[in-house]
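**Student:** The chain contents come next:
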Amino acid sequence: MLELDGLTRRYGTLTALDGLTFTVRPGQLFGFVGSNGAGKTTAMRIVMGIDDADAGEVRFAGATLGPGRRERFGYMPEERGLYPKVPARRQLTYLGRLHGMSRAAAAAAADELLERLGLAGRGGDPVEKLSLGNQQRVQLAAALIHAPDLLVLDEPFSGLDPIGVDALAGILTERAAAGTPVLFSSHQLDLVERLCDAVAIIDAGRLVADGSVDVLRTGAGGPVVRIELGDVAPAAFDPAALAGVVAVTVPAPGVWHVELAADAGTAVEDALLDLARSRGHVHHYGRWRPTLTERYREVVAG
Amino acid sequence: MRTMLRHVGLVAAREFTERGRSRAFLISNAFILVVIVAAVLVPVLLGGGDDGPHRLGVVGDAAADTAAAAVADPGVALTVVTVADRDAAEAALAAGTLDSVLVDSGVLLVADAPPTEVRTVLSRAATSTALRRLLADAGVPPADAAGVLAPLRVETVGQPDGAGVDLATPTFVLAFVAAFLLYGLLALLGQWVAQGIVEEKQSRIVEVLLSALRPGELLVGKVLGLGALGLLQLGLIAGAALGASGALSGVDLPAGGGRIIAVVLAWFLPGYLLYALLFALTAATVSRVEDLSSASLLPIAVLVGSLLLAQTTLGDPTSTLATVVAYVPFVAPIVQPGLVAAGVVGWPQTLASLAIAVATLALLVPLTARVYRGGVLRTAKVSVREALRSGRAAR
Numbered sequence: 001m002l003e004l005d006g007l008t009r010r011y012g013t014l015t016a017l018d019g020l021t022f023t024v025r026p027g028q029l030f031g032f033v034g035s036n037g038a039g040k041t042t043a044m045r046i047v048m049g050i051d052d053a054d055a056g057e058v059r060f061a062g063a064t065l066g067p068g069r070r071e072r073f074g075y076m077p078e079e080r081g082l083y084p085k086v087p088a089r090r091q092l093t094y095l096g097r098l099h100g101m102s103r104a105a106a107a108a109a110a111d112e113l114l115e116r117l118g119l120a121g122r123g124g125d126p127v128e129k130l131s132l133g134n135q136q137r138v139q140l141a142a143a144l145i146h147a148p149d150l151l152v153l154d155e156p157f158s159g160l161d162p163i164g165v166d167a168l169a170g171i172l173t174e175r176a177a178a179g180t181p182v183l184f185s186s187h188q189l190d191l192v193e194r195l196c197d198a199v200a201i202i203d204a205g206r207l208v209a210d211g212s213v214d215v216l217r218t219g220a221g222g223p224v225v226r227i228e229l230g231d232v233a234p235a236a237f238d239p240a241a242l243a244g245v246v247a248v249t250v251p252a253p254g255v256w257h258v259e260l261a262a263d264a265g266t267a268v269e270d271a272l273l274d275l276a277r278s279r280g281h282v283h284h285y286g287r288w289r290p291t292l293t294e295r296y297r298e299v300v301a302g
Numbered sequence: 001m002r003t004m005l006r007h008v009g010l011v012a013a014r015e016f017t018e019r020g021r022s023r024a025f026l027i028s029n030a031f032i033l034v035v036i037v038a039a040v041l042v043p044v045l046l047g048g049g050d051d052g053p054h055r056l057g058v059v060g061d062a063a064a065d066t067a068a069a070a071v072a073d074p075g076v077a078l079t080v081v082t083v084a085d086r087d088a089a090e091a092a093l094a095a096g097t098l099d100s101v102l103v104d105s106g107v108l109l110v111a112d113a114p115p116t117e118v119r120t121v122l123s124r125a126a127t128s129t130a131l132r133r134l135l136a137d138a139g140v141p142p143a144d145a146a147g148v149l150a151p152l153r154v155e156t157v158g159q160p161d162g163a164g165v166d167l168a169t170p171t172f173v174l175a176f177v178a179a180f181l182l183y184g185l186l187a188l189l190g191q192w193v194a195q196g197i198v199e200e201k202q203s204r205i206v207e208v209l210l211s212a213l214r215p216g217e218l219l220v221g222k223v224l225g226l227g228a229l230g231l232l233q234l235g236l237i238a239g240a241a242l243g244a245s246g247a248l249s250g251v252d253l254p255a256g257g258g259r260i261i262a263v264v265l266a267w268f269l270p271g272y273l274l275y276a277l278l279f280a281l282t283a284a285t286v287s288r289v290e291d292l293s294s295a296s297l298l299p300i301a302v303l304v305g306s307l308l309l310a311q312t313t314l315g316d317p318t319s320t321l322a323t324v325v326a327y328v329p330f331v332a333p334i335v336q337p338g339l340v341a342a343g344v345v346g347w348p349q350t351l352a353s354l355a356i357a358v359a360t361l362a363l364l365v366p367l368t369a370r371v372y373r374g375g376v377l378r379t380a381k382v383s384v385r386e387a388l389r390s391g392r393a394a395r
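Sequence order for the protein chains is Z and X. For the first sequence, our numbering assigns the number 1 to the initial residue and increments by one for each residue that follows. For the second sequence, our numbering assigns the number 1 to the initial residue and increments by one for each residue that follows.
Warning: the hint list may mix true and false statements.
For lysine to aspartate or glutamate, the following EDC-like pairs were computed, each having C-alpha atoms within a straight-line distance of at most 20 Å [what the hints assert, rightly or not]:
#, chain 1, residue 1, chain 2, residue 2
1, Z, Lys85, Z, Asp125
2, Z, Lys129, X, Glu200
3, Z, Lys129, Z, Asp149
4, Z, Lys85, X, Glu18
5, Z, Lys85, X, Glu200
6, Z, Lys129, X, Glu18
7, Z, Lys129, Z, Glu115
8, Z, Lys129, X, Glu199
9, Z, Lys129, Z, Glu79
10, Z, Lys85, X, Glu290
11, Z, Lys85, Z, Asp111
12, Z, Lys85, X, Glu199
13, Z, Lys129, Z, Asp111
Covered stretches of chain X, as calculated for chain Z (at least 3 residues, CB under 8 Å) [claimed, not checked]:
#, stretch
14, 78 to 84
15, 212 to 225
These are computed hints drawn from the structure, not numbers from a lab. Since this is a predicted model, take the numbers as computed values, not measurements. From the three backbone atoms N, C-alpha and C, an ideal C-beta is built for every residue, glycine too.
Only chain Z is shown next, with the shape it has when bound in the complex:
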């Protein structure tokens, strides 16, 4: 379990992190979301011991992490980096050994990963001779080489084609299923929604929302019903007057989002449906949840 507890980091007058706190549990695929400059990279660097927090601490498996040296963690920085002139296999072996592996074990792991990532036979090529997509795969292999206890990946999906996205998603899901906590940042919220068990949304260095994707999408209020009606004048249908209805929004002509009280029973929903049928032709009636993207816009804007 990885815990970020009250992390604060200032660069001169700029506050990059402001008391950031969240937890990544074992086996969780955890999405880290926020606009550019929100503090994601700073937080990940502090977790990896590359940067220092001014206040707060990072704990892993209950123990406070000391300065530097995360031998058992795997890291993929946002700024990709490998030795351009060194063959992929040789530098993967070197990185594996830096992470405490024997030469033989590191070489075997490098071969296995290269094979798995479709780069078998390219291990002897200098990295600069590989395509960008393949360089990205080697970068991923560099993070995975020592079968780390925690994976921290900064924008791992950026720059990948759809096949590459699927391959990476498969590997991350597999690692999480094996019990490794995986923390990754991304701007592709649909991807985060599809893959992740839990999400943290940060803005200006502060946590604005976190929790499971389901809970985040549902929000704190009661259930929301989406109703689409045909052949009806907008003024003719006014569910707000109904008992048990908390709020009504009209996101598009002929579409209503009706938020019910948290304790509203099925009777309120039946009454709502009856009202709708009495006013026009019901095209759609059902529970509705915002997508993560919609929810993100809401919490970051609000």
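Following the hints, complete the assembly by docking chain X onto the known chain Z.
**Tutor:** Below, chain X without anything else, positioned relative to chain Z:
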């Protein structure tokens, strides 16, 4: 501790092998070796090959006297062989068993043109032998004749206590060459360290590396690995030079040469570490190889300044300046060989100066590690002060 040693060892081994197998390194070394071997071999080969004493035949007593006078001259090495007559002499020259034959007192028979020194020495010997005989015939006593024929005596005055130094002696030439070699090696190795640091910053792999090891481990491993490679290169150069010259003629070290070489060797490691760290410190403030030359300006200036000081202090080795700079870290490695040759710096002074250098290193290592850590993740150029601030918890 074990992890630290393992990390330092891994980084050092990587620097050693990657740099050692780079084409630039191999080509430059092959080039240096060829130049050294050529520098030693070419003059010998052009000089006619056989480097033994000149084999001189003599025909007649007058020739034998001249040859005896010539043998006493230190300017040339001669083996003298008595030959029966001119025919025998010509046969020996044709067969190549003799290099030249002096017939009576007037004629030098040769197959090839004799070396200039041989001709000069023989002419001088022939003249003095003839003069001595003429003086004897004229009734001048041999003691007076010796006085007439004695060479000019040279006396040096106006240099009390030997403070003025004759810089042309082999000892000083050796000291200069040693100081200059150390200067060149420190500049080369320092540039390697600086380049290695900036390349890792530019390729951004440094962020991956720093997640696994501490900045100090990366820095120390890099410095040690390249230092070992430099030592190997120094050994190769010295071995090639000594091997090539030793195999041919046998070089005699000038007086005090052993001590000068010992001082240079003693200074190699601390000198290298001082400069490598200084190069590393300034390199950590830039992030592109293009900015490297401006970043290396400071260490290069210190090196060049030290070389100039080495020259200045030899002009007056007992001056206060010379006494002070012999202890100044960064400068001492370059000025000490000359001051040792001048006899003003002994082992106690060298050891004291080495101790000061080691103390400086003890300060420089954490300082450099801190700037390195603070600057290593910056993509723009940072000032040393800024890097120090953001690298505050150097480890």
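**Student:** When the structure is checked against the list of hints, which entries are broken? Sort them ascending.
**Tutor:** Result: hints 3, 14 break, sorted rising.
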